[in-house]
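Chemist: This is what each chain is made of:
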Amino acid sequence: MFTAGAESLIKQAREIQDEDLQKFYTRVSKLLYGKDFGNETVDSLQRLYLIVSATKYSRALPEDVLQLLQDLLCSSKTAEQFQALSCAILRETFPCDLRNLSGEEGSSKTMSHVAEVTLAQGINKDKVSSVAHHVLKCLEARQPEGQSSRYLLPVLSKVISLSPDSLTEDQINLVSRKLVDWLRYASIQQGVQLSSGGFFTSPRTRQPGPITEVDGAVAADFFTVLSLGQSYTEDQWMNMHAFSMIRKWLLCYSTDGSGNGDTDDKSEVDGSVMSMVSATSTSSRLLPPKERLREKAFEYCHRLIEQSDRKALKKSDAELQKACLIEAVTVMDIICREDPSFVYRAFACVKALYGRLSGDLAFSRALLPIAQFYLNHSETAAVDSEAVYRQLFTRIPSELFQEPMLAFEFTQFCRVNVKVLRESVSIFKHSFPNLFKPLAWNSPALISEYVELLPSLIGPDTAIEILHSLLDLPCLTAALDIQLRSASSQPSERVPLDPSVKVSSSMEAFRHPYYRGMFLYILRDEAGTGDTIDRLSVLHEVLADMADSPRIVQCAQTTPILLQVFFNEAAQFADEKLINQLVLVILERSSLLYDIPNYKREVQRVFSSQLLVLCKLHPSLIVEQCKELMEFSGTTGNIQRKENFYTHVVWAIGEYLSVSYDKRCTVEQITAFFETLEAVLFEITQVRLSASIPTYSPRVITMLLTTLSKLASRSQDLIPRVSLFLSKMRSFARSPAVSSWYSEEDIEEIHTRASELINLLKLPSVAQFVLAPSTEGTSPRWHRDTNTSLPLAMRAVSKVLQRDSSFSPG
Amino acid sequence: MVHGFLIHTLCPVSAGSSSVCRVLYTRFFCSEPRVPLPAGLDAGTERLLQKEQMMVVARQVKSACTLSREAAGKTPPESCLPPLDEVAAVQEADCGVFRLGVGEPFQEEKTVLWLGVLSLGFSLVCEPHENLLLAEGTLRTLARHCLEHLHFLGPPGTDVLLKVDRTEVLLDRLLPHGQLLFANHRFIHSLEKEIADYMTK
Chain A
1 MFTAGAESLI KQAREIQDED LQKFYTRVSK LLYGKDFGNE TVDSLQRLYL IVSATKYSRA
61 LPEDVLQLLQ DLLCSSKTAE QFQALSCAIL RETFPCDLRN LSGEEGSSKT MSHVAEVTLA
121 QGINKDKVSS VAHHVLKCLE ARQPEGQSSR YLLPVLSKVI SLSPDSLTED QINLVSRKLV
181 DWLRYASIQQ GVQLSSGGFF TSPRTRQPGP ITEVDGAVAA DFFTVLSLGQ SYTEDQWMNM
241 HAFSMIRKWL LCYSTDGSGN GDTDDKSEVD GSVMSMVSAT STSSRLLPPK ERLREKAFEY
301 CHRLIEQSDR KALKKSDAEL QKACLIEAVT VMDIICREDP SFVYRAFACV KALYGRLSGD
361 LAFSRALLPI AQFYLNHSET AAVDSEAVYR QLFTRIPSEL FQEPMLAFEF TQFCRVNVKV
421 LRESVSIFKH SFPNLFKPLA WNSPALISEY VELLPSLIGP DTAIEILHSL LDLPCLTAAL
481 DIQLRSASSQ PSERVPLDPS VKVSSSMEAF RHPYYRGMFL YILRDEAGTG DTIDRLSVLH
541 EVLADMADSP RIVQCAQTTP ILLQVFFNEA AQFADEKLIN QLVLVILERS SLLYDIPNYK
601 REVQRVFSSQ LLVLCKLHPS LIVEQCKELM EFSGTTGNIQ RKENFYTHVV WAIGEYLSVS
661 YDKRCTVEQI TAFFETLEAV LFEITQVRLS ASIPTYSPRV ITMLLTTLSK LASRSQDLIP
721 RVSLFLSKMR SFARSPAVSS WYSEEDIEEI HTRASELINL LKLPSVAQFV LAPSTEGTSP
781 RWHRDTNTSL PLAMRAVSKV LQRDSSFSPG
Chain B
1 MVHGFLIHTL CPVSAGSSSV CRVLYTRFFC SEPRVPLPAG LDAGTERLLQ KEQMMVVARQ
61 VKSACTLSRE AAGKTPPESC LPPLDEVAAV QEADCGVFRL GVGEPFQEEK TVLWLGVLSL
121 GFSLVCEPHE NLLLAEGTLR TLARHCLEHL HFLGPPGTDV LLKVDRTEVL LDRLLPHGQL
181 LFANHRFIHS LEKEIADYMT K
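Chains as they are written, first to last, in the UniProt record's numbering: chain A, 1 to 810; chain B, 1 to 201.
Chain A on its own, in the form it takes in the complex (with noise of 0.2 Å):
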């Protein structure tokens, strides 16, 4: 669609060498001077547009041109083709010196334009206020025939949006009671329709019928923007142009509290009691503006709400009346914010409103703007609300979540509200699993929204499955998709499957009953029901077919972000029993994870650092959980795995497990690990002749060498064994095998390592010191005070390293 001329055409408009732009210039002021509105102009005006909009650098413009623009702009008698090419470049060449344009006369038209580039120059308070005293000038006067006020709300709107001070008390005053005239008592009748001049002329002119609603029935009340006639008139289009425009103005001009009516006594009026939308309206005549035009936008609003419930006959009309009751809903709802006097009536309309939207799915989205309303309002009027959040979290979630727009207002509603939601509604702390689903359906689009709801989500009591459900996000995907795959297939295609039959895919395994609850454990919609499930492992096999779908990719590179996010929350109130089952859960699923590239070495590289952080928070979790620390230490297999995670695993051992952080940490615990981390770098380091080059990086040894030397140095019989091992190491490295495996400096590396740490366990004291040192050493203390004895101690060690390594054989 886009193709090299236009390509070229921008280029040209960049490049464009000074000389020939200045003859540009001077063509196009003598065209507008000789007040020549031929083609040539239209296309030279149109070529000034693209080579000052081309750039990003601001051009300029000479004065003459300007000048000529702007008298362009400002002259109501210019066709409207000239009018938008000089706005539009007048747009572009800001900054520029214009002189003061709003204090020219003309149509509306002409107004609205040059409020345009006015506002378009840089915005005070002094330009956006005289803006908003012509516009008013305008709105007041009578406009000539043929042109139409309706040009102006939308400036007056912006203006607003701009700087709400800019209008006077009286101003707002006499806008309000304009707004009322233009919402309430528009003219029902449909405006005479112009004839184009065509060949039958009067004698066919019909006269203008009564407004239609949206259905086709005749206007039941007032006009509002679903009313539908043949033509419009003048108040008609300013009916519709307001209530575009109410949601702001009464944002923008609310008052404080409330001037009328009794608001606080509850047991006076019931809630429940239906109040007519017109019995009010009578003695609303002696209100004030302000007041009066918040009583007539909530009856319109009232209205729109009765009219969506028409059977539109146009598929553009049933989707405006959708927007229409959001709308309506919104502004009762601020219009409610500010004077709770109305409430109970809106409370009336709301809920008679969700009755009737609740059990349709293609009304959701208004189900929003009234979920909002029952949180803002329920406590005033006493309303029950759990029906409408249960309706919110369980069923919007499961059956929408590939709807994008509703996703994300569904998101956002939630993230904004997470506060009160959290206190005030209990079905929304274990709706979690359904809150996931819109976000793996749609990882990309939704991810940053998420990672500001899932902190408010995790609590003691969740966290733990949580983080299961957000390790298998990526197969929620699959299984969301296997869904609504199966839902638009064939019946025949549906039926469960004999158990004895052997699935091929994971469509099959959808309908086979063994797999089958697997399935709904992962659809489920609320938590509590267990934090996972046995068969895992069994699931992601059977997911295997559809890990590289892209939907899925896709929400396995988002998922460890969000892990982090998990465990950022969860360190801030995580106690100690809490911090052993995340341990836990992260030693258990480094391997049991849905098999898409890439996702297992992110999400293994979110634990490694995880891990760390816990084992600093309570240093005692190795003591606690040396059972599984021995056992996951010990298995040969995990080096080849997760290298990474085991390599962490290994540190933190050799860390943390000492005397110094548990009380109860004993020799049998120390001499316990120390065998099994021995028993595994034996059997790493096995020379084998026919072995073939191992998968696991040199770290691993100069870590598990560390560690032993560590424990060994906190129990030192040990010693001994790790001494004899060490010099095993070295001649290790200097054998053959191992030098067509690594590479020089690795094998160098190994070898520096081991002599260091076998000089080093010679001193058993200094070894003690330098490999475990004591948690005080971490205060600044130390690091301060220069008589301690941390310097002489490492001009000690360093000594003695050195005096060695130059006995060393080579």
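The hints are simulated quantities; they were obtained by calculation from the structure and are not laboratory data.
Note that the coordinates shown come from a computational prediction; the quantities given were computed from them, not determined experimentally.
Heads up, some of the hints might be wrong.
Restricting the straight-line Cα-Cα distance to at most 25 Å, the calculated cross-link-like pairs of lysine-lysine (DSS-like) are [what the hints assert, rightly or not]: (1) B:193 with B:163; (2) A:35 with B:163; (3) B:201 with A:35; (4) B:51 with A:56; (5) A:77 with B:193; (6) A:109 with B:163; (7) A:137 with A:77; (8) B:163 with A:30; (9) A:109 with A:35; (10) A:248 with A:137.
For chain A, the structure is supplied; the task is to place chain B on it using the hints.
Modeler: Frame of chain A; chain B shown alone:
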């Protein structure tokens, strides 16, 4: 109130250049008061800032659209048959929404609504609590009209750059000053008549 509207390319331009996201049209509606930039900066810096912000949005929409199409398993647009007409093109278009946090790159939080029609993207930068259903409808109508009146579906495809007055008039009618309109099909019909009158002149 909509903050901005842009038209930009989505996929690598097949005519030689690398996958540059080319912004074809931007329009700022200036609906938020800007915090004044530090003194000493050139006055043209504000415009530069605006352009850069729109570029950021365009690039993010491009990646969002690519990821969304990938996940849905759609074939790349170059290998697709061109759609029959504008209405079909907009109906089949990919649609999505994401949030831009504070400072990323706008001073306040924004929501971006995008529509991907083959290799063209249409994006609306909205306020955080905008009526997204209405915005989506407006965006689709705008996209349909842009496709029709700027002749995107046929060669040469340069109208969007040269015939800027058409885009301006479209925006003027359907999204005046960034105001989303609750217009039913009769209002839209009147507006479309005005647009058609303009385009035939």
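Chemist: All hints, please: hold or fail.
Modeler: Right, here's what the structure says about each hint:
1. A threshold of 25 Å between alpha carbons decides the hint, and for residue 193 (chain B) with residue 163 (chain B) the separation of about 19 Å falls inside it, so the pair holds.
2. For the suggested pair residue 35 (chain A) and residue 163 (chain B), the alpha carbons sit about 21 Å apart, so the restraint of at most 25 Å is met.
3. With a C-alpha separation of about 19 Å, the suggested pairing of residue 201 (chain B) with residue 35 (chain A) holds against the 25 Å cut-off.
4. Proximity of residue 51 (chain B) to residue 56 (chain A) is assessed by CA-CA distance (about 6 Å); at most 25 Å being required, the pair is judged to hold.
5. Proximity of residue 77 (chain A) to residue 193 (chain B) is assessed by CA-CA distance (about 22 Å); at most 25 Å being required, the pair is judged to hold.
6. The hinted pair formed by residue 109 (chain A) and residue 163 (chain B) meets the criterion: a straight-line CA distance of about 21 Å does not exceed 25 Å.
7. Note on residue 137 (chain A) and residue 77 (chain A): the hinted pairing holds, with a Cα-Cα distance of about 20 Å set against a maximum of 25 Å.
8. At most 25 Å may separate the alpha-carbon atoms for a hinted pair to count; residue 163 (chain B) and residue 30 (chain A) meet this at roughly 21 Å.
9. For the given pair, residue 109 (chain A) sits about 21 Å from residue 35 (chain A) by alpha-carbon distance, which is consistent with the 25 Å threshold.
10. Taking the CA atoms of residue 248 (chain A) and residue 137 (chain A), the gap is near 21 Å; set against the 25 Å cutoff, the hint holds.
Of the numbered hints stated above, none is contradicted by the structure.
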